[in-house]
Structure formats: structure tokens, C-alpha cells
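**Q** The sequence shown begins at 1 in full-length UniProt numbering and counts up one residue at a time.
One or more hints might be untrue.
If you anchor each label on the Cβ, the simulated ranges turn out as follows [to be verified]:
{"id": "1", "residue 1": "179", "residue 2": "276", "range": "31 to 41 Å"}
{"id": "2", "residue 1": "21", "residue 2": "226", "range": "40 to 50 Å"}
{"id": "3", "residue 1": "209", "residue 2": "155", "range": "33 to 43 Å"}
{"id": "4", "residue 1": "174", "residue 2": "51", "range": "22 to 32 Å"}
{"id": "5", "residue 1": "43", "residue 2": "253", "range": "40 to 50 Å"}
Taking lysine-lysine pairs in the DSS-like style, the calculated list, with each CA pair at most 25 Å apart, reads [what the hints assert, rightly or not]:
{"id": "6", "residue 1": "70", "residue 2": "196"}
{"id": "7", "residue 1": "51", "residue 2": "37"}
{"id": "8", "residue 1": "51", "residue 2": "196"}
{"id": "9", "residue 1": "70", "residue 2": "51"}
{"id": "10", "residue 1": "66", "residue 2": "37"}
{"id": "11", "residue 1": "37", "residue 2": "196"}
{"id": "12", "residue 1": "196", "residue 2": "66"}
Hints listed in this document are in silico derivations from the structure and should not be mistaken for laboratory results.
By construction, the Cβ of each residue, glycine as well, lies at the ideal position given by its N, Cα and C atoms.
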Amino acid sequence: LFLSVCFVCKFIRPGSVQSASQQSRVENFQAFVESLKPVFDSNLDFDEHLKRQALVLYGLEARVLKNIPKIAFVVCEVLLELFGLKRSGHVRAFLQNESSLEKWSVDTRGNLMHHVDHQVDAPSDTIKSPSANPITFANVINLMQSANFHTVDNAVQQLQEWLNRENFNQRWFHLADHFNPVHQLTLLGCWFCSLKEPMLNSFNSASLFDSQLITGACAFSDNHHRLSRGQFTTTMYICRTFVLLSGRDVDDHNCRTLEMCRDLLTRWFASDADAVNVRRALDSVFHSVVSELNLNDNFNLPA
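Working from the sequences, and respecting the hints, build out all of it.
**A** Structural data, given as C-alpha cells:
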């Protein structure tokens, strides 16, 4: 809760007098800061969200999340941690801007790279590995496919309210400590579907077929008919996360999981009218990511 401008000023500078103009400026600034708080805002499209996000991030987060929405980053990294593909506590460490994490970076294809000091992880209640726990990513995707993810339960609704209402920093720690993968994915899907317009359409998704997709050297533009760098980086980052979570064994079960992943992302990223074209583009992205992972066994995996 914000204290009144007069109270704050008099507390900091006892006996001081503030003019109406001074109070008005502070109140206007307070209103501006409050306007930056909502994470779920249906008045903004994808790139507008990124621009507003840039106004509140600084340092490490500003560099790493220049082209990725913070909610997408936190959810994806929490999922990788839950299923044993990233070290326990790495999301919290990032959110704390620890100096040991200064080498975090995102390349042109949305691949998150970081180097950290090896530490003994504290015991946690997270899922240790997809194979050692009956709750696998395939199970989660099946649940997402069978249920109407627009119908959010109370827990997800509370997460949305937290993200829109609470302290700029504390809310993300709260999300990082939420260990239900279905809730995490549902929350992310709701965010994409809350955008003023879908992130991808038949026009901009055509850039995902670009022959330079592998190198991340596609042409970017702010034009609605071209893919922006943020749209490209986020699409690649989320697709790569889903491939890693699905596993890299080439078998019928894995292929089915990847197909369900593409179906789910199509629902998140595109309108019904553009779904067919966007799905084809995502097929191209997934094929690119799987090929790249098979060529580099250490790609985007913890040391």
C-alpha cells in the first residue's frame, strides 16, 4: 500500500511544506509506477508488454529479458527445474541478481546460457527427473490437452492476482516457489491468450520458415506483417524448453508429446483463423530445435 504523499514527505523532511504542484508531480509519478505493475493487461499486445517490461527491469534482468517476457522466462525455468533439467534454486538465484550469475545471457535464437559456481543443492520438494517420477511432462501436456485451460482454478486465479497486485520483485519469488507444473503452464497460456492480439499470425509466422532460422539471423521488423525480435526469441525459447522437457528419445511416445506441445502452443500463440499457418511454422521451429539438440548433446543443459 502506498502512503500519502504528504505523510511521506513530512516523515522524511519534518517541518517541510510541499506545494500543490510538488504533490501533484509525486502523485503523477506514483500513478505512472502503478500503471507499470500489471503483468496481465489485455490492452497491450506482445511487443507493447516487452516495452513496458523494459521500464521496470534493470541490470542482469534487463539484459537477459530484453526479448523475453519475464512471466515466460520464470515459468519455463521453473519447469526445467521441477523436472530436473536445471539445478534446484537457480530461478531464485536469478531473481536475486546474484553476482555469481552475471554470465547469464540469451543468444539470437532464444537459447539461455549461463555459467554458475557448482554448489551443493539444498533439499527440495521438486520433481527430481522425468523418469524417476510418475508426473512427467507428457502427463502434464496430456492434462493441458484434455482440460479447457481457459477455465482456471482458484490457485491459478490467485497467481494472476499476485502478479498484477503485489510488489514488483516479491511476486516473482512467489511464482518461482509454486511447484505445480499444470498451474505454471496454465498461467503462461492464460497470459498469451490475454494479449490484445495473438503473438503470431499468418504473416509474421512465415518468417519462421526462413532458411536462416538456425543461425537466428532472420529479418526483424516492428511491422505487424513481419516478425519482431521479441516474438522470434520468445517463440524459439519456449519451443526449445518444451523439446527439452519432452526428452530427446526419438520414439512414438516422444513424437506424440511434441505434437501435443505444438498443438498447445498454437492455441496460445494464434487465433483460430491463423492456427493452420502458425502450426506449420511451429512444426518448422520444432524440427530445427530437435535437429540442433541432436547435433549438440550439451546444448542448454546444466553442467
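**Q** A separate judgement is required for each hint: does it hold in the structure or not?
**A** Against the structure, the hints come out as follows:
no.	hint	result
1	179 to 276: 31 to 41 Å	holds, 36 Å
2	21 to 226: 40 to 50 Å	holds, 45 Å
3	209 to 155: 33 to 43 Å	holds, 38 Å
4	174 to 51: 22 to 32 Å	holds, 25 Å
5	43 to 253: 40 to 50 Å	holds, 42 Å
6	70 to 196	holds, 18 Å
7	51 to 37	holds, 13 Å
8	51 to 196	holds, 14 Å
9	70 to 51	holds, 12 Å
10	66 to 37	holds, 17 Å
11	37 to 196	holds, 17 Å
12	196 to 66	holds, 20 Å
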